[in-house]
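Participant: The chain contents come next:
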Amino acid sequence: MKTQSSITARDRKKESIQHKAFIPLVIALIVFIIFSVGCSVSIGQVPISLNDTFQILLYKISGMRFGSIEGLSRASFADIIWHIRLPRALMSMLVGIGLSLCGAVMQASVQNPLADPYILGISSGGALGATFAILLGFGFSGVLGQMGVAAWAFAGSFGAAVLVMLIAHMGGKITSAKLVLTGMVINALCSAFSNFIVYFANNAEGIKTVTFWTMGSIASATWEKLPLTAISIGIAFVFFLTQFRVLNTMLLGSEAAVTLGVSLNRYLRIYMMVSALVTGIIVSNCGTIGFVGLIIPHIVRGVVGTDHKRLIPASALFGAVFLIWADVFSRTLIHQSELPIGIITSMIGAPMFMYMLMKKGYGFGGK
Amino acid sequence: MDLQAKNMIVTLSNTEIVKDISIKVQDKQFVGLIGPNGCGKSTLLKSIYKVIKPRQGSIYLGDLDVLKSDPKSVSRIMGVVGQFNDLSFDFTVQEMVLMGRTPHKKFMEGDSEEDYKIVRAALEQVSMSGYESRSYLTLSGGEKQRVILARALAQQPSFLVMDEPTNHLDIKYQLQILSIVKQMNVGTLAALHDLELAAEYCDYLYVMKKGKVISHGAPGEVLTRQLIEEVYDVECEVYTNPITGELSIAYLPVTIPCGEKRKIK
Numbered sequence: 001m002k003t004q005s006s007i008t009a010r011d012r013k014k015e016s017i018q019h020k021a022f023i024p025l026v027i028a029l030i031v032f033i034i035f036s037v038g039c040s041v042s043i044g045q046v047p048i049s050l051n052d053t054f055q056i057l058l059y060k061i062s063g064m065r066f067g068s069i070e071g072l073s074r075a076s077f078a079d080i081i082w083h084i085r086l087p088r089a090l091m092s093m094l095v096g097i098g099l100s101l102c103g104a105v106m107q108a109s110v111q112n113p114l115a116d117p118y119i120l121g122i123s124s125g126g127a128l129g130a131t132f133a134i135l136l137g138f139g140f141s142g143v144l145g146q147m148g149v150a151a152w153a154f155a156g157s158f159g160a161a162v163l164v165m166l167i168a169h170m171g172g173k174i175t176s177a178k179l180v181l182t183g184m185v186i187n188a189l190c191s192a193f194s195n196f197i198v199y200f201a202n203n204a205e206g207i208k209t210v211t212f213w214t215m216g217s218i219a220s221a222t223w224e225k226l227p228l229t230a231i232s233i234g235i236a237f238v239f240f241l242t243q244f245r246v247l248n249t250m251l252l253g254s255e256a257a258v259t260l261g262v263s264l265n266r267y268l269r270i271y272m273m274v275s276a277l278v279t280g281i282i283v284s285n286c287g288t289i290g291f292v293g294l295i296i297p298h299i300v301r302g303v304v305g306t307d308h309k310r311l312i313p314a315s316a317l318f319g320a321v322f323l324i325w326a327d328v329f330s331r332t333l334i335h336q337s338e339l340p341i342g343i344i345t346s347m348i349g350a351p352m353f354m355y356m357l358m359k360k361g362y363g364f365g366g367k
Numbered sequence: 001m002d003l004q005a006k007n008m009i010v011t012l013s014n015t016e017i018v019k020d021i022s023i024k025v026q027d028k029q030f031v032g033l034i035g036p037n038g039c040g041k042s043t044l045l046k047s048i049y050k051v052i053k054p055r056q057g058s059i060y061l062g063d064l065d066v067l068k069s070d071p072k073s074v075s076r077i078m079g080v081v082g083q084f085n086d087l088s089f090d091f092t093v094q095e096m097v098l099m100g101r102t103p104h105k106k107f108m109e110g111d112s113e114e115d116y117k118i119v120r121a122a123l124e125q126v127s128m129s130g131y132e133s134r135s136y137l138t139l140s141g142g143e144k145q146r147v148i149l150a151r152a153l154a155q156q157p158s159f160l161v162m163d164e165p166t167n168h169l170d171i172k173y174q175l176q177i178l179s180i181v182k183q184m185n186v187g188t189l190a191a192l193h194d195l196e197l198a199a200e201y202c203d204y205l206y207v208m209k210k211g212k213v214i215s216h217g218a219p220g221e222v223l224t225r226q227l228i229e230e231v232y233d234v235e236c237e238v239y240t241n242p243i244t245g246e247l248s249i250a251y252l253p254v255t256i257p258c259g260e261k262r263k264i265k
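Protein chains in written order, with this note's numbering: chain P, 1 to 367; chain C, 1 to 265.
With the rest of the complex left out, here is chain C:
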């Protein structure tokens, strides 16, 4: 399913966070959203998954008008892996993943054998089988994130939105999570902070700075030395890694002016 967000403007407490952004994700395309902290990535994603109401703009997921539809019909086709998944109360892993079935449930409808099958398959997919009766709060960060992904998988979405899904994860799980998503072969829009991973997994990148998209295109075209320097304010060298054959970035140390250094002391 394809996603089209057009002319999005989002303001939070009178500050314009997202300034007239248009984004397109084609069917089965993995699109990355990159940019420094505070550039508006999360806010843009939140307005796409209906947590924040944009001041202006339109979002279409296939034929569905996301902004005008109720959350339930959107959640039947759009799965979300958000950033904040802390709980005050505990659930078992199975209960947690089973909640991914919520959008497909009618009033008072119970959980069927089919639902449990979907949950088992989802846990299998994120290699968390056997954890069904473990309590969610006792899991490690990586395990929690995989359970949340399994919950989104159990939603059986035709489109996936992820906000820094690899945050705080060991490299193994970063690769694992992105590979799982890639395998799902559904349209995906993900905010990512690791540029090398973004280059490796994404088909297309949007680069944001201060609430605006300043560049977009295939990773190889977008991720240049000049762009990274402009957006992230870091000097670097972009090269092809001789071992993996993938795009790699070598960041050069930030030079702090002497005067400021003394002031800090």
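Isolated chain P, as found in the complex:
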């Protein structure tokens, strides 16, 4: 009897977090994202005071109407903040949103807690494309030449995803087990080809670039790259926000979903295409940033529950916070040097996840 009452008390507390406190949680997260972006642009190799940062941002964002950059200790601060750090902070935010979003959607689509955005072979496909471009120099000429690595990475990741879906679709219905296994096979195949290229490449600098690329970095973020990323992630975010009911029924399995009027196969294909596009764009911009898409949805599920009406927005926002700070650490942890962000996300993310598993008795959305 005692255990019964303690369970219900705990459940009630949990429920209050899940329902009543959800809107405040979302507002708090949005405020914290704005604050994090502010911190992120002021922290760096060249420390710029929060006050200066605020002045510069106000000045630039208001179209030079408000604020002033006259009183700055150094004029270059404005450029550092506006041209280097702000696009980077915004890119981290977008990547965080995109990866967590796709992670939550993929976990629902294949009904597997181990799923992440890369499950369709996207990471290895992207890495193969990038390796190809970096080491064999098959980049495009002219304007596309600069986009070379990114374009090849996108082609690789999206190609791999499409291939996985096609193979999984062969011989009847797509099942989640078939998808996960096909994804693993394509992952292995693409890795093997990238390793093959790396092994025979006589290019130490190129190999270092490939390594850096596969660990992920937001360093290449520029204003020019932001619109495409922002639009695609924004559309995907809004789209998945509307899909909470289907995502919920997906978790019941395809059979139960049909009896609730949702034929999963159709949605599954659309969701995977959207996820593959978003993840492909992220991979082509920033390489493969591991662990984010896997753990953020799990961490958030532990707080707001499994209902996708809350899980999708909360995951996206928390993912944004997580990645903004991961990027700050990747830039500042080692003086005068930059760590690949994938190392940071795993180094912070793994202990966080371990803590959750041990301390809270995490049950994939339950208590």
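A portion of the hints provided could be inaccurate.
When the alpha-carbon atoms are kept at most 27 Å apart in a straight line, the in silico BS3-like pairs for lysine-lysine are as follows [what the hints assert, rightly or not]:
| no. | chain 1 | residue 1 | chain 2 | residue 2 |
| --- | --- | --- | --- | --- |
| 1 | C | K209 | C | K6 |
| 2 | C | K106 | C | K68 |
| 3 | C | K105 | P | K20 |
| 4 | C | K210 | C | K53 |
| 5 | C | K117 | P | K20 |
| 6 | P | K173 | C | K72 |
Some, not all, of what chain C presents toward chain P, calculated at C-beta under 8 Å [said to hold, decoys possible]:
| no. | residue |
| --- | --- |
| 7 | P71 |
| 8 | K72 |
| 9 | S75 |
| 10 | I77 |
| 11 | V80 |
None of these hints come from the bench; they were simulated from the model.
By construction, the Cβ of each residue, glycine as well, lies at the ideal position given by its N, Cα and C atoms.
We have chain P already, so just place chain C on it with the hints.
Facilitator: Chain C alone, transformed into the frame defined by chain P:
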């Protein structure tokens, strides 16, 4: 609402599982589907609730052509309690039952006070009130099954399909679940494995063996010693229980031939 399935043929990976079966459930009738494991009960039910596409046949639920309609319009009038309800992710009991409202929801429509009321009533009906915020995965088998039934009730169906709803349940919950369904007073088609329960609760029985219906009728007429022996390959005595006045079956031990017994050793 009445259900009419006619000339159903279902094949799974080139094996004919259901061989030309026709079944009829009249409005508010509780019809049982019995037969040994592997006789095609589940496959037939799955083709009725649109998980498997039959190779041939027609299914009408009232005026609705089930095979030609989309799952959503079917799920508005047909509730299903299936056999497999395992989850990899957890939901609260309330969220689980609330999903029964899915067929009635338009794109982007939220959950109304009305929906929560329906959910509360459904949980009340399966005596699971107070479990709303419990997590589904921590429930016992019987509780899970009752939550799934509550989800089907929340669909407010005019027809119910159940695939062995009493599987793995204690006798109390077996009786409870069947009584709840009986009380709902909607057309019901249920695969059942307990013949005595089937006799007690069903108005009509279809007996299946190897993908065919070999007998159908009122339980008292269908469940005879000869039929059970033929279908289940078990010797038994059918009698009227002096205490309950219901049909009862006493199964006689299976005799294993001596030669085989030695081989097993």
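Participant: Work down the list of hints and note, for each, if the structure agrees.
Facilitator: Okay, the hints, checked on the actual structure:
1. K209/C x K6/C: holds (17 Å)
2. K106/C x K68/C: Holds, at about 21 Å.
3. K105/C x K20/P: holds (23 Å)
4. K210/C x K53/C: With Cα atoms ~19 Å apart, K210/C and K53/C stay inside 27 Å; holds.
5. K117/C x K20/P: holds (18 Å)
6. K173/P x K72/C: Judged against 27 Å, a Cα distance of about 19 Å means the pair holds.
7. P71: holds (5 Å)
8. K72: Check passed: Cβ of K72/C comes within 4 Å of chain P, closer than 8 Å.
9. S75: holds (3 Å)
10. I77: With a minimum Cβ separation of about 10 Å from chain P (threshold 8 Å), the hint on I77/C is violated.
11. V80: holds (4 Å)
Going down the numbered hints, you'll see the structure goes against just number 10.
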